[in-house]
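> Start from the sequences, fold in the hints, and give me the full structure.
From first to last, the protein sequence lines are chains A and B.
Going letter by letter, the first sequence gives residues 469 to 697 in the working numbering.
Going letter by letter, the second sequence gives residues 546 to 842 in the working numbering.
In short, the hints are calculated from the structure, not lab data.
One or more hints might be untrue.
Stated by the list, open to error - Pairs of lysine-lysine residues, derived as DSS-like cross-links and limited to a Cα-Cα distance of at most 30 Å, are as follows:
id	chain 1	residue 1	chain 2	residue 2
1	B	Lys620	B	Lys699
2	B	Lys699	A	Lys497
3	A	Lys497	A	Lys603
4	A	Lys493	B	Lys699
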Amino acid sequence: LDFTKRNTLMQLDELWAAQKSAVLKGDKKSAADLAAKALEMDADLLECIERGFGAGIREVGDLWEAGDYFLPELVQGAEAMKAGMAVMAVIQPALKARQQDRKLEGTVVIGTLAGDIHDIGKTLVATFLEANGFKVFDLGKDVPIEKFIDTAERESADLLCLSALLTTTMTGQARLIETLQEKGLRDRFAVMIGGAPVSADYAAKIGADAYGANAVDALNEALRLMERS
Amino acid sequence: MTRQGLLDLLKTRVVLLDGGMGTALMKAGLQPGTPGELWNLENPDAVRGVHAAYFEAGSDVAQTNTFGGNPERLKSYGLSDRFEEINAAAVRLAREAAGPDRLVAGNIGPSGKFLPPVGDAVPEALEEGYAAQAEVLARSGADYIAVETMMDLKEALLALLGVRRGAPDRPVSMCMVFEKKKRGFFSPMGDKPGDAARALADEGADLVGANCSMGSAQMREMAASMVLEGGAPAVMKPNAGLPETVGAQTVYRQAPEDFAADVLAMTEAGARVVGGCCGTDERFIAALHRALGRPTS
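Quick look at the structure:
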């Protein structure tokens, strides 16, 4: 079992390419193995995220936008990426220390509104944001408005991402913005909304700062909002 | 209604469905976060009123207020123990509005779960849920079963199996959602409309089609691809364009006449069962009724 020897022979760009490919293929096991390999090689983990796994998930997003990939490939890609990240998080203290060096794009609180049990789109947005340098607090689905606001205050979030997949829950997005106004917190957080029944027009009308049409679009919008602030 | 009865009716004319239910109930005061299906028990007049308005506008069919009435969805609202009651009441309300001469379709929506690799739903459990809901809807008097908003052909096929088991003597309508991508129309899982229609018809669906997700202008572009030569008649149920908001209300700005013109074009492409999904109200159905050249009652 001469792993070490083989690993040191593996060039970094080969490692990144393999990590990217694992995400493109949605291969969780291989992604986890390649994350372990990065640890063995003492490779720069943030570089692995950016040039390996993250590059993979960005390409998955591009392929989805083009209509070459569909929801199964998108979800499997995100899961492979998460599997890799989970292995590297074993040495999280080190990773966290390094995070200081890495440019943190912003802190995001994300979730699907109360009454709505859909969370695939939201989870994909969370993965894309995480892969691109955001610190993400994913509250899951069926989240009450108060919990969004409490978490955002506690974590000093920059951005709130609200997903609604039903015409009957999208009005919760408007109510959350109203609640922020009532509490005098509206200026503290940027708000992005998304979900099948939602549109850019709806976002503008309820006073949201951005609308994410899909996971890739949401990432671009989040980066734009961070630049502005 | 028998399978043959429905097919015979479709030979003589296009069947006009109704419009949106969830958006109509919200207009009547349903609060966000409350499942609309609960109103079958707690505000029956409102639900019956929506059906009555659609019949007034010219609908041939009322679709029951049971889109989220499957066991999985009700469980997420803590309403599991009221599953049978909610579904039975919905059929009763639709029948009260329909009378003996018009049709009641027992509406079934997606489980909200996803099959692997996207989610971890167990196929047998999904099929069982569809069978259970179809059984209650049929026993309560639905003329046929209308499954809608399926995102995954695999789940749609399981739903079809379940419905045929739960309601073996009722015709089944199967509708999926599609999106326009750069390379054409696909379901979110990548199923093509024509392939999905054929697969569902091969497994015994009596009607196949598309609903929700798109406005009428886009769905019009794909209508022909779901019309099977000599096969199951096609159903088309688009949304009323994209939603906007005024105050706390969600509104759809598309003109009913534009919607009706698009849907009329779908019937010219071969669709035999048409209606509206999210955002369509009785004005849209009335406009469609006029566009189809039906006499006003």
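> Sort out whether Lys699/B lies within 30 Å of Lys620/B, counting only the CA atoms.
The given pair, whose Cα atoms are some 22 Å apart, holds under the 30 Å limit.
> Can the restraint linking Lys497/A and Lys603/A be considered satisfied, given a maximum Cα separation of 30 Å?
It holds: about 25 Å lies between the C-alpha atoms, which stays within 30 Å.
> Is it true that the CA of Lys493/A sits at most 30 Å from the CA of Lys699/B?
Given that 30 Å is the threshold and the Cα spacing comes to 21 Å, the pair holds.
> Please verify whether Lys699/B and Lys497/A have alpha carbons no more than 30 Å apart.
25 Å, holds
Against the hints set out earlier in the document, no violation occurs for any number.
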